[in-house]
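Chemist: The primary structure of each chain is shown beneath.
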Amino acid sequence: MASSPLDRKRRLLEALPDQPEFVSTLDLVWRQAQSSFPGARLGEWLEACHGLAESDVGRDCVVSYVRSAPAIASAAGADAALSIARMVSETAARAGDRAAASLAMVASRAARRLANGAAFAEWLRVIQIVVAAAPESVTPLLDRSESLLQELGVQGFEAWVLNGVRQGATDPQKRLAFFTRRDQQTLRTASHEEDEVSLSDVERQLKAFIMALWHMAPPIRALSNGAPDRPRRASFANGIVRLPSSFRGHSRDEASLLYSAAIAHVAAHLQFSRMKFAIGSLKPLQMALISLIEDARIEHLAMRQFPGLGRLWRPFHIAMPSGALTAPALMARLARALIDPGHADDNGWIQKGQEMFFAEEARWEDPGISRSIGGLLGNDLGQMRVQFNARTYSVEPAYRDDNQGLWVFDDAGAPADEQETILEAVRFEREDDAEQPDRERETPEDDADGQEANRAALVEVDSEVGIPVARYPEWDFLIGRERPQWATLVEYEASEGQADAVEDILHRYPVLEQRITKLVRSAKVSRPQRLRRQQEGDRLDLDACIGAAIDQRLGDTPDPRIYARLERRFRDLSVLLLLDVSQSTNDVVPGAGRKVIELEREATALLAHAMAGLGDPFAIHAFCSDTRADVRYYRLKAFDAPYGPAAKRHLAGISGRFSTRMGAALRHAGRELSARMSYRRLLLIISDGEPSDVDVADRRYLVEDARQAVKSMARLGVDVFCVGLDAGGDNYLTRIFGRRNVLQIDRVERLPEKLSMLYFRLLGS
Amino acid sequence: MDLRHYVIAHEPYYRAAADEVDLFQAAYADRMPMMLKGPTGSGKTRFVEHLAWKLGKPLITVACHEDMTASDLVGRFLLDAQGTLWHDGPLTLAVRYGAICYLDEIVEARQDTTVVIHPLTDDRRILPLEKKGEVIHAHPDFQLVISYNPGYQSVLKDLKESTKQRFGAIQFDYPPSAIEAEIVAHEAGVDRNLAQQLVGIAERSRNLKGHGLEEGASTRMLIQAGRLVSRGASLQAACRTAIVLPITDDEDIRAALTAAISACL
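Top line first, the protein sequences correspond to chains V and P.
Residues in the first sequence are numbered from 1 upward in steps of one, following the numbering used here.
Residues in the second sequence are numbered from 1001 upward in steps of one, following the numbering used here.
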């Protein structure tokens, strides 16, 4: 007999009179549940709740499940929410109530993040495996699930978790250690097998290699491994080099060589393939051959300059002059015949190609010969009626790239699959141009997930809600008094960007980064300092002694300070970096072509890199304001948080909005800083303009208020230093901070290097 | 006291890349203090030696270090049985008896140390010995030369503006590849082809400056590699011993440099 869900609910509640918490929770989510469990599923869900409530699972688990299930159902479907009921009881039985209680909660967050039923099912499956195979590790894993998903995506998450389960094998302690360990290394190795060389292992080396050869530093990106039937090849387009994230099926040494050969080949293209070919009416086979001749041409040019490259490339050419007469096989043989003039092949077509190519040796500088020779050979091969399938064709040998970068594609001419790849490239380019913080998404698979995640993030931003934390007075210079409780400071959750964008900043300033590292090293070691001419000390200062003896003989009064001692000076300093993120920071800096806020971000990233290296406790906060009722304050990095991916994501996520009500932000930052137990407390503020707000007409008012705030900092024992980015800001900034505590940067594009150097200077003083 | 020991007897080899020899001679004629700027191993010290030989003046070289005090340059009282005894420092020797005084890597010295050279480097040309109560008027042959490597320069170690502006400067850099090959061939005793290859290798490493290396391989390094080859080492091994291993401890950069070197051969 079917009954309405409402009846079912009533009966369920009646059946559990001794569980008031359950009842109230169900009431709380009832409305949401009605909309997220369609039709009969609502009844099924109630059934599941009932079952859980009556089982011997802890009450917390049940309540947490009831609370989370509707959210899971709306994000990942009712089935997922129902299957979690079964998992909760299973988890409780195997891993304990605590794990089971957090399972439902974490699952609802994961469902929201993944925002797609299939990915969530995958996540659930992974958790299920851990529940079954490593119950002791369920709780630590769940605790980290959120951040792991963010870092690795669901596939990476799976790889990492399975790796942990396998490494721990039968030893629960070992497994537990793996899942609680927080180093990045375990995460990085998550995505590939242990004996495999991945791009991230050799990337630095490859970059240095081509930098040494041709002084070029194209950005290198990883390509995910494609379908198993068609091996991935390197690729370059629009100045970006993409290499497979790993070369499957090659041993460690071989793969390293393969990477070196591939990057040298691509770099040779960048160096010598200076023009792109138009496709016109060319057939795919002709394109492949023209590319092949071009490959040989640029390799020979490169070998003229660096003969040793031949030793790197030739061993990969293993095509023998025998075997089936298919197009790919013939082309591999031709490639070998072209790189190695001594290689003899009995095939007439290959001999012809070899002769034609080497006859043009004097004209190798000219890319036109690739086109003419390749076109002719393509015609010949076409007449030989050999099989060629552009879809499955993959360039041989493995170090060569797919030659996408050689061609100008128009929509009509490109084979479908190549177009696909090109579209990818175009997308990269667009993202790069826009300098969006999330431009680092690379693989198509990631894209889908990433967009979903972004959509979710956007919704959060729109509904941004801050928590008012304090009211600060404001100084009114006209009445010469403070207006009490005037400005309300509201703390907002900082929005997130991609941490990689911040990492990239360091790569953009290699010289500066190195200099900072060096300065950090010299500043960090608290070197013993010899203090001479002291009243007391553990040894005699010879110079002072001699001086005293001479004075004595001359009949003068000797200086009694004749001792020396060694002392180690330690640094004890807390720094709070306060960024102005008002609307005006969106202005583009003339000459730099970038926005003020981007320069602020870069400067902050470099400085944070230095401070993290020094081990000084530091925080990064940001502020803007929208009237005195809403002085917005963001904590990008708190004092006790590490400067890790979370802080970097926050830093990448800053954007400029609203106005600059400096006083309240200064007071708030100062209050926090004054609570630090440090010998020296430094508040470093970066501002690009005059304090202003939409509800204040008098320009002087906020300036005077900020001045008053700075004065009060001194009473709190906080040193304030301002870096001004407004070339004309001399007047009011010196008014606010005092002449000695302001550094004007007239060329804002130099902020990144200036800021860190300034910091070291402040340290030295 | 005579400075015979400081006189350079045989001509040190120096291959001019531009007009630096003439410039320096002109500067010496006026006793203008000179500053030699440039990366390590680019021939600054050799240049001074060559010029001292050419001018026939004694050369007193002081390698500056971070613990160096003014007394290390100027001199100090020592104790002896009778009491105290003044001992001239290297700078005082040069000033008193007329020599070219060459302060190598002057930025390494503490800033207060460098101030003692101020009265010597303007038209006063005097060295006051405060402790001794003596003012030395510089010998007519005296000239001050310092070397200065802007590559090492950091905010913490830089010459004072007031010091910098007293000097004329000559910029040293790695010479153009043909000249550098000639130098390597001469100094290491290898043939031109090999020297040219070594210079090609050096260019690879200089490309890495700021991208993993603090400084590329210097001419000095090439000469050392060349010498190893002329003593029978293979070129690969010589480059490894004289260039790759000394220049960096970074595994990745070493591997990249090794690969780039083998591409050159």
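Just so you know, these hints were derived from the structure itself, not from any lab.
Incorrect hints may have been included.
Unchecked claim - To be clear about the criterion: a stretch of chain P counts as covered by chain V if any three or more of its residues have a C-beta under 8 Å from a C-beta of chain V, and this derived list gives those stretches: (1) 1117-1123; (2) 1126-1134; (3) 1173-1186; (4) 1208-1215.
Said to hold, decoys possible - Short derived list, chain P residues pointing at chain V, Cβ under 10 Å: (5) Tyr1014; (6) Leu1078; (7) Thr1084; (8) Asp1088; (9) Arg1166; (10) Gly1200; (11) Glu1203; (12) Ser1205; (13) Ala1256; (14) Leu1265.
These figures come from a predicted structure and were not determined experimentally.
Heads up, the beta-carbon is just placed ideally off N, CA and C, and yes, glycines get one too.
Chemist: Against chain V, with CB atoms and a cut of 10 Å, does the hint on Ser1205(P) hold up?
Modeler: Because about 7 Å separates Ser1205(P) from the closest Cβ in chain V, which is inside the 10 Å limit, the hint holds.
Chemist: Report holds or violated for the interface hint on Glu1203(P), using the least CB-CB distance to chain V and a cut-off of 10 Å.
Modeler: holds (9 Å)
Chemist: For the hint on Thr1084(P), just tell me whether its beta-carbon gets within less than 10 Å of chain V.
Modeler: This hint holds: Thr1084(P) lies near chain V, its Cβ roughly 6 Å from the closest one there, short of 10 Å.
Chemist: Under the criterion of a CB-CB separation shorter than 10 Å, is Gly1200(P) in contact with chain V as hinted?
Modeler: Because about 8 Å separates Gly1200(P) from the closest Cβ in chain V, which is inside the 10 Å limit, the hint holds.
Chemist: Just to make sure I understand the rule, a stretch counts as covered if three or more of its residues have a C-beta closer than 8 Å to a C-beta of the chain. Does the segment 1126-1134 of chain P meet that for chain V?
Modeler: It is violated: at least three residues are needed, and the segment 1126-1134 of chain P offers just 1 whose Cβ sits closer than 8 Å to chain V.
Chemist: Does Ala1256(P) hold up as a contact with chain V if the rule is Cβ-Cβ below 10 Å?
Modeler: holds (3 Å)
Chemist: Have a go at the Tyr1014(P) hint: is there a Cβ in chain V nearer than 10 Å to its own Cβ?
Modeler: violated (29 Å)
Chemist: Under 10 Å, Cβ to Cβ, is where Leu1265(P) needs to be relative to chain V, so tell me if that hint holds or is violated.
Modeler: Holds, about 5 Å.
Chemist: Any CB of chain V closer than 10 Å to the CB of Leu1078(P)?
Modeler: Holds - the Cβ of Leu1078(P) comes within 10 Å of chain V, reaching about 8 Å at its closest.
Chemist: If you take the shortest Cβ to Cβ gap from Arg1166(P) to chain V, is it below 10 Å?
Modeler: violated (24 Å)
Chemist: Do three or more residues of the segment 1173-1186 of chain P come closer than 8 Å to chain V, measuring C-beta to C-beta?
Modeler: violated (count 0)
Chemist: Does the segment 1208-1215 of chain P contain three or more residues whose Cβ lies closer than 8 Å to a Cβ of chain V?
Modeler: holds (count 5)
Violated hints, in rising order: 1, 2, 3, 5, 8 and 9; the structure is consistent with all others.
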